[in-house]
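Enquirer: Residue strings, one per chain:
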Amino acid sequence: MPFLIEHITEAVISMLFVVLLGTGALVVAAIARRQRRDKYFQRIDDLRQRYSPVITSLLAQKLEYERGLAVLKGISGRDHIFVLEQLCLEKRPTLDQVPILRRLCEDLGLVKVWQHRLSGRLGASTIREALGRPGGLLERVARLHFLVRAKASDNLGVIQHRPSWPLLVKALDDPHPDVQAVAVRSLAAIQEPDSFAPLVTRLHAVVLRPSTLSLRAVKTALVSFPLKQTVGLIPSLNHPNRRIRFLATDIIREIVERHAGWEEEFVLDTKVFPPELSDVFLSQLCFDENPDVRARAAPVISHLEDPRATPVLLTLLEDTQWFVRLHAVRALAKRRYLSQAPQVAQRLTDPHWMVREAAARTLLVFGRVGSDHLVSHFLGTEDRYSREQIADEIQRAGLIPSLLAQYGSGEDGAEGRVIEQFAQMGKTSYLVSVLQSSSERELRKKFLQRFGRYPDPQIRAWVRHLATREPDEELRALAEATMRGAVSKGES
Amino acid sequence: MEEWRQIFYHAMNMFNVVIVSYFFLANGTYTLLMLMSLGSVWLHNRRLSYQGLDELRESAVTPPVTLIVPAWNEQTVIVDSVRSILRTDYPSLEVIVVDDGSTDGTLSLLIAAFRLVKMDLIYRPRLVTKPIRGLYLNPRIPNLLVVSKENGGKPDALNVGINVCRTPYFCTLDADCLLERDALLRLMRPIVRSPINTVASGGIIRILNGCEVQDGKVVKVGLPKTGLERFQVVEYLRSFLFGRTGWDLLGGTLIVSGAFAVFHRETVLETGGFQSETVTEDMDLIVQIRRWAVHHKRKIKMKFTSDPVCWTECPSSLPMLGRQRRRWQLGLCQTLWKSSEMLFNSQFGVVGLVSFPFHLYVEGLGSVVEFLGYFMVPLALLFGMVPVTLFILFVLLSIVYGAFLSVGSVLLEELTYRRYPSFRDLMTLLWYAVLENIGYRQLVLFFRVQGVFRFLTGFRKWERVVHVGAATS
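Those protein sequences? They're chains A and B, same order as listed.
Here the first sequence is numbered in this note's numbering, starting from 1 and rising by one per residue.
Here the second sequence is numbered in this note's numbering, starting from 1 and rising by one per residue.
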């Protein structure tokens, strides 16, 4: 058959017709969807208005439980489970609300529904039924069942439903990664001690085999468990795989650091951290062939109430790997290691800048003793990099104003030499900006007399400013004289 | 004479074939992307119900991020922007504002608003940049650092930010953009959850014009007043909701909007940072990372997610729209030209075999083909080479197909995020989705052709789009 222009025209007309129809269908779909959603939200809003105060009062224990429950049980309709779910889990419960919410979900039959859904037992519904409730269609499409299972798993985690932990552990082997990830998270929320071991096994699996589950997800879950669970990581700490040893050490470090954040002088005692675990850290992990393990072990060791801890940390302070030294220096940033300030100060000349920086910060944590070390090192060292690093930390920590205040009010001691050092290094921006905003006459006078002729452009600009704009006559005259002196010195 | 006539006829026929094949290739791919995105965005939206942002927020394992905000003469917005950025909901966040040698009060306003002090801190550059003039800090706001530098353009400013940044990931954010409070958490989610090293993650950019802003936060979403801005709303929906989602689904992401994107710092450093050779440094970086990954045999992932939202002001006048589109087109051509080794290169997988050729032939050269089509097809009609009926039908088809795709993107928005709550807004969007193809599309095409022309003539200047503050407060 010859290819005629009429055929092309016919094809274009057909296409035009199809596309036009398609566009119309999309427009209708958008409008219909909007109307349906508006209707749906209207219903949800009405229900929310009626029942949310009941749930809020129940959670705040301002309403008798049985009465509240009876009111909520009055919600009917094909979508009542969905509505109850929406109402109960609308806001994330606080810790003290969780037990009430959990009981409420159990009594309303939601927990049972979620457990059934998580185990893959979805109620067989007709298309009509499915269309009648939000999410109903998902149950009819097998490939989308994972959405239902994952949501059920999430809900059980939100209410921290402890009896559901075996189901959640089973869900770790779900064919869909979403369900696995949510199950991991829910197990972390529930913190059932018996689920720690399966999670550790999962951690090993993720490290040793390609996995759809992210390592970070499993690690996050394990990190959220309490300190006493860490004993379950001993086999991982002894594992031949260096990455598993590293992860186990790092998980323990995260847990310990979290607890340390709650108490100022936190110490790992034998009640929560058994001696066999301490031994692994003090005799094994600190000498591990994997430097990452040594590095992550340092912070844990620093919290141990064991006489071996300090010598081990000092050994790590001399490690061949810079990041091990870095972690060791950071680990020592506790007031109880005050006596180790000289050892920390030695790290101010470390070849790696991050270690130098950490050493300066650790010394600042030590308070007066640490800052004395810092200042004396700053004034005495020949190491330019070390000096730069300390100057950096003094500025970042916002110590310049107090340094200048001390200088202005006291004898011309170490503060004056530190300021001189700053001026010599050309690091005068902060000094000058403090002086510019200061109204302390004595400080400005003293600074002017001692540093006014310093060949630093910022100090010069400040002196010039004083000489021209300063309302205090004596200071202005002094600034003028300083300027003249500087000029004649420059000319000669 | 007859011979010339034959040649002319032959050339015209050839061009008509090119036009028709371009039409089918472009629209066919867009339809495919739209259908894929419909499924993907719907599914993503469903999955959000168990996303676990709280866990991400509270986890000690969530990696710290630095927000790098390059700013040049942004005195009208900078303080409010930084205030809003500092309130971003993220567990460990640092903010670096890089003042790229502004000639207005950008730096002084920042210093005054945040009581910053100039400090002589150590600067350890790993990327070569223009010299910096100073680092400003307030010890009481330790997570904010302002860097002042000599003017060197946006890529240079971003590179300074990368040099100063200490976190494993950084997020680039334009100074005039507004982030939704949890946008960064959402943007980081695919990075945290992925078992593969995700080196770039991009979010959706939505148009701020017409929205109500209070305290650096969008409190009421609405459509802008003018038609020009409304067309851009539809265009952005199409581009982000089904364009980028579709390519992401295919694993062929070539563009991540630098106005709001997270990158893995070490990877960016290894690839040499943002380059000044092109005027679209964001696309250039993505392509550069792709090439680096193949050359260094690294398994990487790039992700586009449609729920982290960043609001930006779109041009509200024709000259500004022209500047923006010319720059985009110029940057696209420059980047594609620079990375021509990727074209049909199977080493790059979907990117080399599908995405790159598509961007080159449809997004790049396609504009010229389409533009010429507007002249050549009527010419063919004039010479009697195309029947009038067919000509009219084809023009109609092209308009209706465009409307189909735009309406599809509005439907996609309706099925998923429904950011425009009023019914009137929906109807307006649908109307503009249809109207877009008569006039606006041709106008944008004209700007794009100008961009291609600039590329061919070696033009490299960055045309600045001046914003007028189109959101209400």
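Keep in mind the hints are simulated off the structure, nothing from the lab.
Cβ atoms here follow ideal geometry from the backbone N, Cα and C, with glycine treated the same way.
Check before you lean on any hint, since a few could be wrong.
Claimed, not checked - Over 10 Å on every C-beta distance to chain B, these chain A residues come out as not near it, computed from the model:
{"hint": "1", "residue": "L20"}
{"hint": "2", "residue": "D38"}
{"hint": "3", "residue": "L69"}
{"hint": "4", "residue": "G77"}
{"hint": "5", "residue": "D173"}
{"hint": "6", "residue": "E254"}
{"hint": "7", "residue": "P274"}
{"hint": "8", "residue": "P275"}
{"hint": "9", "residue": "Q284"}
{"hint": "10", "residue": "P291"}
{"hint": "11", "residue": "Q343"}
{"hint": "12", "residue": "A405"}
{"hint": "13", "residue": "Y430"}
{"hint": "14", "residue": "R453"}
{"hint": "15", "residue": "P455"}
{"hint": "16", "residue": "E474"}
Stated by the list, open to error - Simulated restraints, written as ranges between beta carbons of each label pair:
{"hint": "17", "chain 1": "B", "residue 1": "N138", "chain 2": "A", "residue 2": "E420", "range": "44 to 54 Å"}
{"hint": "18", "chain 1": "A", "residue 1": "T212", "chain 2": "B", "residue 2": "S108", "range": "29 to 39 Å"}
{"hint": "19", "chain 1": "B", "residue 1": "R166", "chain 2": "A", "residue 2": "A70", "range": "49 to 59 Å"}
Claimed, not checked - The calculated lysine to aspartate or glutamate pairs, modelled on DMTMM-like cross-linking and capped at a C-alpha distance of 25 Å, are:
{"hint": "20", "chain 1": "A", "residue 1": "K112", "chain 2": "A", "residue 2": "D79"}
{"hint": "21", "chain 1": "B", "residue 1": "K217", "chain 2": "A", "residue 2": "E90"}
{"hint": "22", "chain 1": "B", "residue 1": "K225", "chain 2": "B", "residue 2": "E277"}
{"hint": "23", "chain 1": "B", "residue 1": "K118", "chain 2": "A", "residue 2": "D292"}
{"hint": "24", "chain 1": "A", "residue 1": "K445", "chain 2": "B", "residue 2": "D120"}
{"hint": "25", "chain 1": "B", "residue 1": "K299", "chain 2": "A", "residue 2": "E90"}
{"hint": "26", "chain 1": "A", "residue 1": "K446", "chain 2": "B", "residue 2": "E3"}
{"hint": "27", "chain 1": "B", "residue 1": "K118", "chain 2": "A", "residue 2": "E415"}
{"hint": "28", "chain 1": "B", "residue 1": "K299", "chain 2": "A", "residue 2": "E64"}
{"hint": "29", "chain 1": "B", "residue 1": "K338", "chain 2": "B", "residue 2": "E277"}
{"hint": "30", "chain 1": "B", "residue 1": "K301", "chain 2": "A", "residue 2": "D79"}
Enquirer: Give a verdict on every hint.
Expert: Evaluated hints:
no.	hint	in the structure
1	L20	violated, 5 Å
2	D38	violated, 7 Å
3	L69	holds, 25 Å
4	G77	holds, 20 Å
5	D173	holds, 16 Å
6	E254	violated, 5 Å
7	P274	holds, 23 Å
8	P275	holds, 26 Å
9	Q284	holds, 24 Å
10	P291	holds, 18 Å
11	Q343	holds, 24 Å
12	A405	holds, 15 Å
13	Y430	violated, 5 Å
14	R453	holds, 20 Å
15	P455	holds, 16 Å
16	E474	holds, 28 Å
17	N138(B) - E420(A): 44 to 54 Å	violated, 26 Å
18	T212(A) - S108(B): 29 to 39 Å	violated, 52 Å
19	R166(B) - A70(A): 49 to 59 Å	holds, 57 Å
20	K112(A) - D79(A)	holds, 16 Å
21	K217(B) - E90(A)	holds, 23 Å
22	K225(B) - E277(B)	violated, 37 Å
23	K118(B) - D292(A)	violated, 37 Å
24	K445(A) - D120(B)	holds, 24 Å
25	K299(B) - E90(A)	violated, 40 Å
26	K446(A) - E3(B)	violated, 97 Å
27	K118(B) - E415(A)	holds, 20 Å
28	K299(B) - E64(A)	violated, 58 Å
29	K338(B) - E277(B)	holds, 9 Å
30	K301(B) - D79(A)	violated, 40 Å
The structure is inconsistent with the numbered hints 1, 2, 6, 13, 17, 18, 22, 23, 25, 26, 28 and 30, although it conforms to all the rest.
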